[in-house]
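Protein chains in written order, with our numbering: chain A, 1 to 287; chain B, 1001 to 1295.
The set of hints was computed from the structure by calculation and includes no laboratory data. Treat the hints loosely; a few may be bogus.
In silico lysine-lysine, DSBU-like type, Cα no more than 30 Å apart, as pairs [as the list claims (entries may be wrong)]:
1) A:K280 with B:K1009
2) B:K1106 with B:K1193
3) A:K190 with B:K1009
As the structure is a computational prediction, the values presented were derived from the model and not from experiment.
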Amino acid sequence: MKNGNGIFGSGQFVDHLIVIAGIMFLVVPLWMIFASSTHLPEVLIRDGLQFFPGEHFLDTYGSVLTERRGFTKEVTASRMIMNSMILGLGFAIGKILVSMTAAYAIVYFRFPLAGFLFWVIFFTLLLPLEVRIIPSYQVAAQLGLLNTYTGLILPLIASATGTFFFRQFYRSVPEELLEAARLDGAGPFKFFIDILLPLSRTMIAAMFIFMFVVGWNQYLWPLLLTTDESFTTIVFGISSVMQNIDESRIPDYHRGFALGILALIPPVMVVVLFQRWFIKGLLESEK
Amino acid sequence: MKRVQFDDKWTPVYFVLPQILIIAVFFLWPAFEAIRLSFLLEDPWGMSSEFVWFENYQDVFADPEYVETIVVTTLFSAAVTAISLFFGMLLAVKVDGMLHGGAGYKPLIVWAYAIAPAVGGLVARFLFSPAIGPFYEVLNAIGPNGWFEPTLDSTDAWIVMTFGSVLRQISVNFIFLLAGLQSIPRSVIEASKLDNPSGLGRFIGVTLPLLAPTIFFLTVINLSYAFFETFGVIDAVFPFGPPSGAQTMVYKVYVDGFKGADLGGSSAQSVILMLFVLALTVIQFRFIEKRVHYT
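This is chain B alone, in the form it adopts within the complex (with noise of 0.2 Å):
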């Protein structure tokens, strides 16, 4: 807030209603919708509906293969965020320490931002095609032959999907981590390098706490991204659905919702989504917060 204002009356509305209508229309009327639908039962012919208390959500809970695509989708999405973490702050460390030519290398990570999901997934499905595709052949040679199938075994698919899925996130991760890099005081390097001469002893002992903060907040934005992002990549991968036990939670979403027509339970996981992601955001706010080390 500013400590001089305008105090005209009708003006400030004006100015924000168009959000306010917006977000009236697209975000709150859906999610209230969301949250009617997941307490009704439609019939088949979508003719009535009942209200049924909490039975969407036991009906959903009950479905084994729900609780799987829940321990799979965070198993996922850990994983996405550990690769793509660790390989965006190898690259910005490194080009961070360059003495020359550091500048020259960062367009060549950062254009990978621009790969849409659905691009990742195409060139992940290829690279990995058991008619065309050059990983499937080396995967297959170096292990018991046929051991890797992506369209018939969930693992393999996740492995796929990881792949398609890393690429973008790589480039994130490395572009606020070098902004972080590049934000700490030449001074803060140099005494450090008088205390503590290992490279990588320095990196633990220093550099990483003083990335803390940006580490915890990229993790955020990598589970987020691996939670509800990735569709794009699934649906190019495996054009008529992934084998069994591959599926991410917003992937089930719309295909119990829009090709299932399982409105009730479809809008059941839409709930347990937003609390899933209000949780998140509490624990970011609450617990994590406190514990790093903020400069």
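Extracted from the complex, chain A is given alone in its bound form (with noise of 0.2 Å):
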């Protein structure tokens, strides 16, 4: 691999100078924004975007965390933030919760509808709620459900790709370990709670980090559910910063970008912090 020609193959140095540039190109728009956030728009209307960061980075962001902004001016940047945490904390604790006891009942246990229960879950793994958008936006409205956290969060767990996860893993646990249990007098709460939970540990961690990044950037179901500002998430909470900057004439350019790096930072430390056990649920949830 280190001296061959061509760009799939090259040394070592040009390598580095590749990947380097790679990475400017993913890091170079994010930086500009956040740079462009710490300067006023009428710096911006002047000189365009910027690349250094300006001097108020503070003001900026400390009115965007406590002003109540947005059409009713009813809600601060922190609670669009709070209410992103409930999302992404809720879609992953429950869709975990969910599908570790579903794949528990599929895998552990033999009852007559297992295999055509087995096919619905698979079922639903094939339809992405964006398909079924309207009529899911009508059956969460006739269930009382606009509006509410519930709402929000339970129709994004209708999908089994966490069920699949577990149910591979649960597949890959020894024999052996169910046989102890039940020589033991261990039933099928007592061997999930004590045994198979501890076990799951690092898949549990896996799923929880990838979920809350699926959960946190959701934006087309929150738009729909959401029609009271004070459940705005802040990923969609973007969008009415949008509309209003066409419409101003000195367009607040900083704070757009300011709620944009807002809606980032989370899950971008979630991620690198949690690189690991990131990577580990992307890929074995996607498989």
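Reconstruct the complex from the two isolated chains, following the hints.
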């Protein structure tokens, strides 16, 4: 690999340059949005997006986090971040609970409908929420779930990626464990809680990290479901700023950019700090 | 299935019930509703509806705008897939081949997965913005003046949305391809070095065929991302709607069903999308998986 030619096989020095260029392609656009968020809009209108940070970091971010803005002047970015936290955590925890137990039933029990249920669950893997978005909205509306955290979270859980993830894992757990546990007189609940749960710790962590990011980054479902601004998530909150920017005479670029950066930082932190678990979660659940 | 299993009758029901309930209420019911509504024509006030067989489907396909939407969504998805696969592959091969420091680069690429489609859209919109975007200035400086107008021209709009969509996908492709490369046994790589001293020749002759299953799988992942998860990109770049000819099929389902209140037409489009996903899955299982090489 070290001494060929062309872009798919060249010297180490060139390799490093290529990788660094690729990283710049990913980092620089977001860096410029961050740097520009610390300038006043007058500067941006005069000189365009900025590469070097300005002097308005504290006042811009302070006002975005604490001042009520948006259409109805009811919601701060702090509130939006809290809503996103609830969505990310609720989605990750809910999905793990539901899929761990469902996979347990499918792998460890003999019951008449097992085969049929497996295919129903498999079918849900195929169709993302986006293709049935309008009827899903109507169902949520009929159940009175508009502008509730339950309505925000539950429909997103209705896909079985997690169930397959845990099914694969349970199947790799040695049979002897169950035999031994049964000899000791452990029932299905005891076996699940005392033996399977501790064994699944790494898988749970991987799934949790990955699903938190997936939940945090949702956009279309929160857009339909939350008409009341106090439920706006920070990722969806970007949209109201985007609309206002086009309408005002001196657009609030810096505030809009700050909101985008605030929406980006938490999932980036999670992905980078828990990189190993995140990668495991991504590789295993998309398979 | 395990060889040894519990044979309690009711216990598994408790365990599987939450999943089944959620799927029934939030998956099967809406999917069924989409199919049912796609055969109905509602009057404008939503008071009564009439069973119209395939009329909604005929109307949808008779609409040149819908046919155009299918074509441009496919082209956009192909572009997102090709670009993010290429860059993901390039970075994965380079990082994998490094003697030193490869692992240090990893988090600097992996983090991009956290860029939500809406954030990617925000970045793309302002980098290419006529008012403050550096790329807008550069593009119009190197071409005939005023040729690049993403708010007016659909091709230019797609360029902006493709940029906003690939940032995250490059990271996805990088992660899967790097894992694929690292699972190739050292002995295979050493042997291939003897047979084929050229880096590019070895990449095409040895690495690429071994990665074929991963590449195929990533093609499906990238296509379904571009088809279904880029709503946030479009809505952030064009909060008041993209120029004509620059919407994806999912965006049109939303606009027709939610803003236009054309439930029958929107539902017919939803059903078409479902059939499309099913077709993609059948192709995945039947045709291509047989032709790729597994080790």
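Taking the hints in turn, this is what the structure says about them:
no.	hint	in the structure
1	A:K280 with B:K1009	violated (35 Å)
2	B:K1106 with B:K1193	holds (25 Å)
3	A:K190 with B:K1009	holds (17 Å)
Hint 1 from the earlier list is the only one contradicted by this structure; the remaining hints agree with it.
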